[in-house]
Structure formats: C-alpha cells, structure tokens
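Participant: Chain by chain, the residues run as shown.
2 protein chains.
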Amino acid sequence: MEKLTVIKVGGKIVEEEDSLKSLLADFSAIEGKKVLVHGGGRSATAIAAQLGIESKMVNGRRITDAETLKVVTMVYAGLVNKTIVARLQALGVNALGLTGADLNYMRSDKRPVKEVDYGFVGDVKEVNSELLADLISKGVVPVLAPLTHDKQGNMLNTNADTIAGEAAKALSKHFDVTLMYCFEKKGVLMDENDDDSVIPEITRPLFDEYVENGIIQGGMIPKLENSFEAISAGVTKVVITKASEINGNCGTVIK
Amino acid sequence: MEKLTVIKVGGKIVEEEDSLKSLLADFSAIEGKKVLVHGGGRSATAIAAQLGIESKMVNGRRITDAETLKVVTMVYAGLVNKTIVARLQALGVNALGLTGADLNYMRSDKRPVKEVDYGFVGDVKEVNSELLADLISKGVVPVLAPLTHDKQGNMLNTNADTIAGEAAKALSKHFDVTLMYCFEKKGVLMDENDDDSVIPEITRPLFDEYVENGIIQGGMIPKLENSFEAISAGVTKVVITKASEINGNCGTVIK
Numbered sequence: 110m111e112k113l114t115v116i117k118v119g120g121k122i123v124e125e126e127d128s129l130k131s132l133l134a135d136f137s138a139i140e141g142k143k144v145l146v147h148g149g150g151r152s153a154t155a156i157a158a159q160l161g162i163e164s165k166m167v168n169g170r171r172i173t174d175a176e177t178l179k180v181v182t183m184v185y186a187g188l189v190n191k192t193i194v195a196r197l198q199a200l201g202v203n204a205l206g207l208t209g210a211d212l213n214y215m216r217s218d219k220r221p222v223k224e225v226d227y228g229f230v231g232d233v234k235e236v237n238s239e240l241l242a243d244l245i246s247k248g249v250v251p252v253l254a255p256l257t258h259d260k261q262g263n264m265l266n267t268n269a270d271t272i273a274g275e276a277a278k279a280l281s282k283h284f285d286v287t288l289m290y291c292f293e294k295k296g297v298l299m300d301e302n303d304d305d306s307v308i309p310e311i312t313r314p315l316f317d318e319y320v321e322n323g324i325i326q327g328g329m330i331p332k333l334e335n336s337f338e339a340i341s342a343g344v345t346k347v348v349i350t351k352a353s354e355i356n357g358n359c360g361t362v363i364k
Numbered sequence: 110m111e112k113l114t115v116i117k118v119g120g121k122i123v124e125e126e127d128s129l130k131s132l133l134a135d136f137s138a139i140e141g142k143k144v145l146v147h148g149g150g151r152s153a154t155a156i157a158a159q160l161g162i163e164s165k166m167v168n169g170r171r172i173t174d175a176e177t178l179k180v181v182t183m184v185y186a187g188l189v190n191k192t193i194v195a196r197l198q199a200l201g202v203n204a205l206g207l208t209g210a211d212l213n214y215m216r217s218d219k220r221p222v223k224e225v226d227y228g229f230v231g232d233v234k235e236v237n238s239e240l241l242a243d244l245i246s247k248g249v250v251p252v253l254a255p256l257t258h259d260k261q262g263n264m265l266n267t268n269a270d271t272i273a274g275e276a277a278k279a280l281s282k283h284f285d286v287t288l289m290y291c292f293e294k295k296g297v298l299m300d301e302n303d304d305d306s307v308i309p310e311i312t313r314p315l316f317d318e319y320v321e322n323g324i325i326q327g328g329m330i331p332k333l334e335n336s337f338e339a340i341s342a343g344v345t346k347v348v349i350t351k352a353s354e355i356n357g358n359c360g361t362v363i364k
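Sequences listed follow chains A and B, in order.
Going by the numbering used here, the first residue of the first sequence is number 110, and it counts up by one from there.
Going by the numbering used here, the first residue of the second sequence is number 110, and it counts up by one from there.
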C-alpha cells in the first residue's frame, strides 16, 4: 500500500505566523500522500472573548454551548482552516479543508451528560473514508478542522487528537499510515528535565514498564494508550515529536 | 451530458431559520446533480458589528480590509457554509463546503484600486473544474462560499453571483448546466408593481427591446448581461426566480 502521513498539530503552532510558516514549509516538503489535522483553541478563545463569550474549560476541554459552537465553527472551519488551505495552495499543495460534515466523512454523537455537560461536543461514531481516500490518491491533501457533525444537522466540537486518530485508523484501510502527533517536546522523554532524553521507540511491554517506573506519567499515558489503539486498528506507526521535527528522526516511535 | 443545476441564493435566505429550512428542503428535492452557492452578508455585518468592526459598502459591495477579510472568512466559510453542509447532510445530501482555495477550484486576482479601493476582493481569473466535476459525478453536492484565493496565500472576498456564474461556466464543460439565480421576485417582471407579471423567457433581441422600452432597468441589466455571457460560455440556460420556486416553473428563463 502507498504511504500516507497524518500529522496533527495543535492550535499554538498554526496560530502564530512564524511557527505556521515553518510548519507549512516542513509539511509541504513531506514526500508522498499526507493529511494535516489542526487545532485552533487559542483563536477560538480570543474571538469568543472579543464577542463577549466566556470560554469555560474542564479537564482541558472546552465547554461548548450554542454560542461557543458558533464561534468554534467560525474559527476552526473558517479562519484557521482556510488560512492554512490558502497558504498550502501557495506552496503548491492541493489542500482541501474539511469538517466531519463535509462528505459526511466523520459522524459523531453528542457526548452524553455525566458529571460534566460538555455541550455540543462529539464522540466519533463513524468514519467514511472512501471519498477521502479517493481524493488523497488523486493528490489532494485534506486539512481537517476539529469539528464533526451528528448527521442530524448539528456541527459538534471534537478534539483534534481524536480527529487525527480516527482519520488515521479509517485511512489505514487504504494506505500504509504513519500518524504523527506534534507537541512541545521532541518526543517522549526519559527525563522530563532533559529535552534530549527522547525515548526512540516504545512498544507495549516497554510502555508498561515505564508507567510502572513513573517515567511515563500524566497526560502522556492517554496519548500513548491512544497510539497503541491506533496501531491495533491498523495504523503502521505513531510518532510523537515536535512540529519542527516532522521531517527529522528524533521523535518517539510507537509500534 | 448529464444535467447539473447550479443554484445561487443570497444571504437573506440562508440566514433566517424559516427560509433556510424551506430552501434546503426544496434544494434537496431537486433531482440529479446540483451545486449550491450562498451569500452571507447579513451575518458578516452582524458579526463584524459584534467585533467592533464597521461594515463599509460601496455600490452594494463590501469594502474588505484585513479585519473584514477575517470576518467574512469566518462567517462565509465557517458559520454559514458549515451550517448549510450539516443541514444538507441531515437531509441525505452529501454536501461538501468549499471556498475557491479548496482544491484550488477558483483563483482570483485582488481587484486593482481605481476610484474605489475594495480591499481584499477578488476578480476571478481561473476555475479548475476537473476535481469538482469528478466529485459531482460521484454524487457529491458542492456548497460554495463566496470566497476565492489568489494562490499566493490570501483568501479574497468574491461576490456570490460571480462565483455561481464562473462555476456554472466551467462546469458546462462536463455537464448540461442550468444556472438559477434566486432573488426576491418570482422572475423578471414586465411591471415591477405586479409580482405576477413574470416574463417567461428572455432572448437577446427581447432583452435589447425591453431595455430600450425601459421595462428592464437598474440592477437587472448587469444580472441579465451576466446571464447572456454565461449562455455564450456554454451554460444551457439561466433561470431567474424566487428561492421558494426553484422546483417550479414560474421564473424567467434566459437562453
């Protein structure tokens, strides 16, 4: 199968001119088929504030009431997504910006209310990858905004890591997929105070050992659990690294 | 060639719940291949006002400075486009929201400054219809926002009538295209005070006669000139009617 790289970058990278410029140059230099998944939370918070809407976060997730849903739809699908698409086109990359509603490529259910009512937040239920795969095979580069829909007429706010993971899994039916999560460090670190202590490769037994020893902890645990889940679902490998290193070899490979 | 209907509706129709609901029901009932082109000016003006940005119009066109470009990108490509796409998906229409930057389907040049500096407004220079036509032939229904790009990294604000006309012309290489412009009347009227005095058909000689007699005047003249131009460029027919009549036969046919 042909290789496909799915890269997820957070809002911080795409919302600042210098880092966006570097990212898009690096991304456009990636050989072969590719997909970009982006966040946009900082811009959403900024525009919401300008509109007099307070941003409420619980466990790092945005509480998405009806007004906030409008803001994230404007910011993620409009401002951030189209800025990236136009810039990629200028670099000769035939980008296509998508939300889950477009081509009905990703359907979700509104998250049930338990301890927290997250509002219009979607948990992914179905990925339709056929048209997406066909476009990719024709040289189109999808740029995925962190939004899905419920197929009942509503957009839903969905975490960009989840979008990347679900898209990568579904596309692994059609391609040999590498899923790359970009975060602020070069990779998963042996010593959190030493940025150069990147663990080059993590397998399931190593992961269990590192968790037991306390080397891997906190938010990195679910990130790696999701990575192993992606591997089980057909993704060839997951790489965790810094956005500036997407063409390098210094990240942590999970397989 | 297979039939394709390209329908352009103004912002007013898609920005009010009742008219949007009717429009989408009517649109989803259109048989065969179709494309929807939408405006969104009222929402843009409202959101701009909420953000403290004044909307300046000259000859009915929005002066698009850098801040206004951000607003129209958010509103047209984000809020309005994705609302329509999600609602169409709920009606079983496999919608795909696009700006000209997506798939590089419509490239424009920033309008040169003459008497008026319209700012980031684009005049269409190139339409790449191959991927669009391929998607349409696979059952996808493009929903086109009134935005293009310059392929140098910038989005540009572009009149929805122009987007509809240019898309229809380019798609006439692949389909037997009917272009339908929706406005507030059932069609071009013989007597502007009689809503039922719709002229059923206008040919070029009739048009010249009606203009000479003063029956057709004002903004209807450029609309009809554009319609004749679309016909010359390969569009099979142009229909001018009310949004609520897109499945009816009461409009004015230009051919």
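For the record, the hints were derived by calculation from the structure and aren't laboratory data.
Warning: the hint list may mix true and false statements.
Simulated restraints, written as ranges between beta carbons of each label pair [stated by the list, open to error]: (1) 201/A x 168/B: 53 to 59 Å; (2) 218/B x 111/A: 33 to 39 Å; (3) 300/A x 160/B: 52 to 58 Å; (4) 261/A x 110/B: 53 to 59 Å; (5) 155/B x 225/A: 30 to 36 Å; (6) 327/A x 176/B: 47 to 53 Å; (7) 358/B x 111/A: 26 to 32 Å.
Backbone N, C-alpha and C fix where the C-beta goes; we use that ideal spot for every residue, glycine too.
Participant: Each of the hints needs a verdict: does it hold here or not?
Facilitator: Consistency of the hints with the structure:
1. 201/A x 168/B: 53 to 59 Å: Distance hint for residue 201/A, residue 168/B is violated at roughly 36 Å.
2. 218/B x 111/A: 33 to 39 Å: At roughly 36 Å between Cβ atoms, residue 111/A and residue 218/B fall inside 33 to 39 Å, so the hint holds.
3. 300/A x 160/B: 52 to 58 Å: Since the Cβ atoms of residue 300/A and residue 160/B sit about 45 Å apart, the hinted range of 52 to 58 Å is violated.
4. 261/A x 110/B: 53 to 59 Å: Given about 35 Å between the Cβ atoms, the range is violated.
5. 155/B x 225/A: 30 to 36 Å: Roughly 31 Å apart at Cβ, these two residues keep to the hinted range, so it holds.
6. 327/A x 176/B: 47 to 53 Å: 40 Å, violated
7. 358/B x 111/A: 26 to 32 Å: Violated: the Cβ-Cβ distance is about 50 Å, outside 26 to 32 Å.
Violated hints, in rising order: 1, 3, 4, 6 and 7; the structure is consistent with all others.
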